[in-house]
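Chemist: The listed protein sequences correspond, in order, to chains Y and Z. As numbered in the numbering used here, residues 1 to 511 make up the first sequence, in order. As numbered in the numbering used here, residues 1 to 99 make up the second sequence, in order.
What the hints contain is simulated information worked out from the structure, not anything from laboratory work. If you're wondering where the values come from, they're calculated on a predicted model, not measured in any experiment. Hints are not guaranteed to be accurate.
Unchecked claim - Computed Cβ-Cβ distance ranges for the label pairs, DEER-style:
| no. | chain 1 | residue 1 | chain 2 | residue 2 | range |
| --- | --- | --- | --- | --- | --- |
| 1 | Z | D19 | Y | A337 | 38 to 44 Å |
| 2 | Z | D59 | Y | D32 | 41 to 47 Å |
| 3 | Y | K198 | Z | R56 | 38 to 44 Å |
| 4 | Y | A337 | Z | R56 | 54 to 60 Å |
| 5 | Z | D59 | Y | R21 | 21 to 27 Å |
| 6 | Y | G291 | Z | L14 | 51 to 57 Å |
| 7 | Z | L26 | Y | L45 | 18 to 24 Å |
| 8 | Y | G81 | Z | D59 | 51 to 57 Å |
Beta carbons: idealized from backbone N, C-alpha and C, even for Gly.
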Amino acid sequence: MSAFLEELESTIAGLQTETTRTNVGTVREVGDGVAKIEGLSDVMLNEMLEFPGGLYGLALNLEETEVGAILLGEYTEITEGMEVRTTGRLLSVPVGKGLLGRVVNALGQPIDGKGPIRAEETYPVEKIAPGIIKRQSVTVPVQTGIMAVDAMIPIGRGQRELIIGDRATGKSTVALDTIISQAKLNREAEEGRNKNHKPLYCIYVAVGQKNMSVARTIDTLDKAGALPYTIIVSAPAAESATNQYLAPYAGTAMGEWFMNNGMDALIIYDDLTKHAAAYRQVSLVLRRPSGREAYPGDVFYLHSRLLERSARLSEKEGGGSLTALPFIETQAGDVSAYIPTNVISITDGQIYLETDLFYQGVRPAISVGISVSRVGSAAQIKAIKQVAGTTKLDLAQFRDLQAFAQFGSDVDPGTRKKLDRGQRIVELFKQGQHDPLPVEVQVVLLFAMQKGYFDDVAVDKVRDCKTKLRDFFQTRQEGILKQIVDKRAIDKELEGALHAAIKDFKTFYRP
Amino acid sequence: MVQTVINEKPRQYLEVLKDYQRLIRLEVEKRHAVIESATPLNRSLGDQIVNTLRARYGDDVTTEFRTNPELLGGLRIKIGNNVLDGSVRNRLNRLQEKF
Numbered sequence: 001m002s003a004f005l006e007e008l009e010s011t012i013a014g015l016q017t018e019t020t021r022t023n024v025g026t027v028r029e030v031g032d033g034v035a036k037i038e039g040l041s042d043v044m045l046n047e048m049l050e051f052p053g054g055l056y057g058l059a060l061n062l063e064e065t066e067v068g069a070i071l072l073g074e075y076t077e078i079t080e081g082m083e084v085r086t087t088g089r090l091l092s093v094p095v096g097k098g099l100l101g102r103v104v105n106a107l108g109q110p111i112d113g114k115g116p117i118r119a120e121e122t123y124p125v126e127k128i129a130p131g132i133i134k135r136q137s138v139t140v141p142v143q144t145g146i147m148a149v150d151a152m153i154p155i156g157r158g159q160r161e162l163i164i165g166d167r168a169t170g171k172s173t174v175a176l177d178t179i180i181s182q183a184k185l186n187r188e189a190e191e192g193r194n195k196n197h198k199p200l201y202c203i204y205v206a207v208g209q210k211n212m213s214v215a216r217t218i219d220t221l222d223k224a225g226a227l228p229y230t231i232i233v234s235a236p237a238a239e240s241a242t243n244q245y246l247a248p249y250a251g252t253a254m255g256e257w258f259m260n261n262g263m264d265a266l267i268i269y270d271d272l273t274k275h276a277a278a279y280r281q282v283s284l285v286l287r288r289p290s291g292r293e294a295y296p297g298d299v300f301y302l303h304s305r306l307l308e309r310s311a312r313l314s315e316k317e318g319g320g321s322l323t324a325l326p327f328i329e330t331q332a333g334d335v336s337a338y339i340p341t342n343v344i345s346i347t348d349g350q351i352y353l354e355t356d357l358f359y360q361g362v363r364p365a366i367s368v369g370i371s372v373s374r375v376g377s378a379a380q381i382k383a384i385k386q387v388a389g390t391t392k393l394d395l396a397q398f399r400d401l402q403a404f405a406q407f408g409s410d411v412d413p414g415t416r417k418k419l420d421r422g423q424r425i426v427e428l429f430k431q432g433q434h435d436p437l438p439v440e441v442q443v444v445l446l447f448a449m450q451k452g453y454f455d456d457v458a459v460d461k462v463r464d465c466k467t468k469l470r471d472f473f474q475t476r477q478e479g480i481l482k483q484i485v486d487k488r489a490i491d492k493e494l495e496g497a498l499h500a501a502i503k504d505f506k507t508f509y510r511p
Numbered sequence: 001m002v003q004t005v006i007n008e009k010p011r012q013y014l015e016v017l018k019d020y021q022r023l024i025r026l027e028v029e030k031r032h033a034v035i036e037s038a039t040p041l042n043r044s045l046g047d048q049i050v051n052t053l054r055a056r057y058g059d060d061v062t063t064e065f066r067t068n069p070e071l072l073g074g075l076r077i078k079i080g081n082n083v084l085d086g087s088v089r090n091r092l093n094r095l096q097e098k099f
């Protein structure tokens, strides 16, 4: 007890407290989440400012005689004449594995009621993206579990793939399915059943969403067991525009920690349209000049500096990666509006989700013709490349001929074959919500389609046949599935085995 | 110059004058020092402080003395936008932050 007291006394004695020198200013105007401050002669751009009462702000506008700062938190207590201090620090958020499974706000504070977060490090929210020398090209796939994506518009680790569509077309579902699929693979890798898979941690940033949607997302992830591999950064519509503006950057800082430490992470920005709107609000209140559609002049820079931080680092830097899946919501399918065109030019490809397809029953409503992945087959394992190589072409030819199918007119056998095959491929790619397909099952299904095993199945029975074929392989032919996972390519031996197994299935398949 | 503006009355001259007043106020504040202490300072100590400030920041420094019992002891000098805080209150706060 006395030793403890002695230690305490020596610690107190050892503390240095000399005269402090701080730079201060006075609040002149406050409102709408922005404070105008006079003074602060030593302030730097993006510096954190301390207000009385423990509130912090960010200095964004440095003018000749005053500073415009956005307030991070409840600002109703701030009045004119209050003294503001500079802190000399940048805004930082806690990072590390301690955040996995937690729901945090834009400043990294927990909002799920599960206690404080144990974080060893903090990373600044604004950071310069890795330079050219530090990067490596994308070769490892992100298995989303959605067959249409993995086969035809593959996403690689370190890529930025935009998911663009109208409201209620299934954008969030694509993201959730990817997270659930990765969580399954992570668990398998942990248990030693899949040695080829490097764990991929997911960060879901919800900007401007309804509280109910975020709650539903958390619930879905929890039920699927994906929460231990996910960080959720939430800035719903009820939060201030400042928090909505900062949330994607905070999420990216958390993702960068994984990337800098040799691990892989995936970050989903849901969605950047609301992020741009929040930034527009902040800029207009700061009296910055507005441009097209009232957005400030640097709205492109807003998104480009965010998305450029997602990269795949070279082996020398640890080999980690950060994949980004930003969302953009279009109005009436107009992809040539301001923000959509900005983000399209920044990302490495886009996945279009169309309402027409959605209501026709094609879900996920991915429009394969205009969706593109600029990384392409470099991010696919050989097995998928072998079976899906011609699928995109078949679908393109089918779409061209679809007009003929509508009239039911007499067509020549070649066209008839293309139409039949195309219809079946469309049916094959339909998938249920939150039901990701592992890559080996996808290989089997696409192989069966490519070799014509679905040609004698009626179009409306294709989904049923697909489900039964999948069950058959997952229960009776686990050996073949494991071989596909281990070999990652279809060699002669495996091809023979697949043919035999599928023929076996077809003999007793009854629609 | 101010008299010319009042005589000539160009467009929005009242706003121009108000803004000018504000700029002057800011300039004056940069050269103004507020010296706070817990108890009133005696004359010689006060003069010593003013001379040191004048030596450091220039001869045109205007000074103001205030007493603030909350400081508990020591001095807090605010000159322009810089605050040199050696008060006991400040040291206690910083001790608290370190824990």
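Chemist: Would you mind marking each hint as holding or not holding in the structure?
Modeler: Quick rundown of the hints versus the structure:
no., hint, verdict
1, Z:D19 / Y:A337: 38 to 44 Å, "40 Å, holds"
2, Z:D59 / Y:D32: 41 to 47 Å, "43 Å, holds"
3, Y:K198 / Z:R56: 38 to 44 Å, "60 Å, violated"
4, Y:A337 / Z:R56: 54 to 60 Å, "58 Å, holds"
5, Z:D59 / Y:R21: 21 to 27 Å, "22 Å, holds"
6, Y:G291 / Z:L14: 51 to 57 Å, "32 Å, violated"
7, Z:L26 / Y:L45: 18 to 24 Å, "20 Å, holds"
8, Y:G81 / Z:D59: 51 to 57 Å, "29 Å, violated"
Checked against the numbered hints listed earlier, the structure breaks hints 3, 6, 8; every other hint is satisfied.
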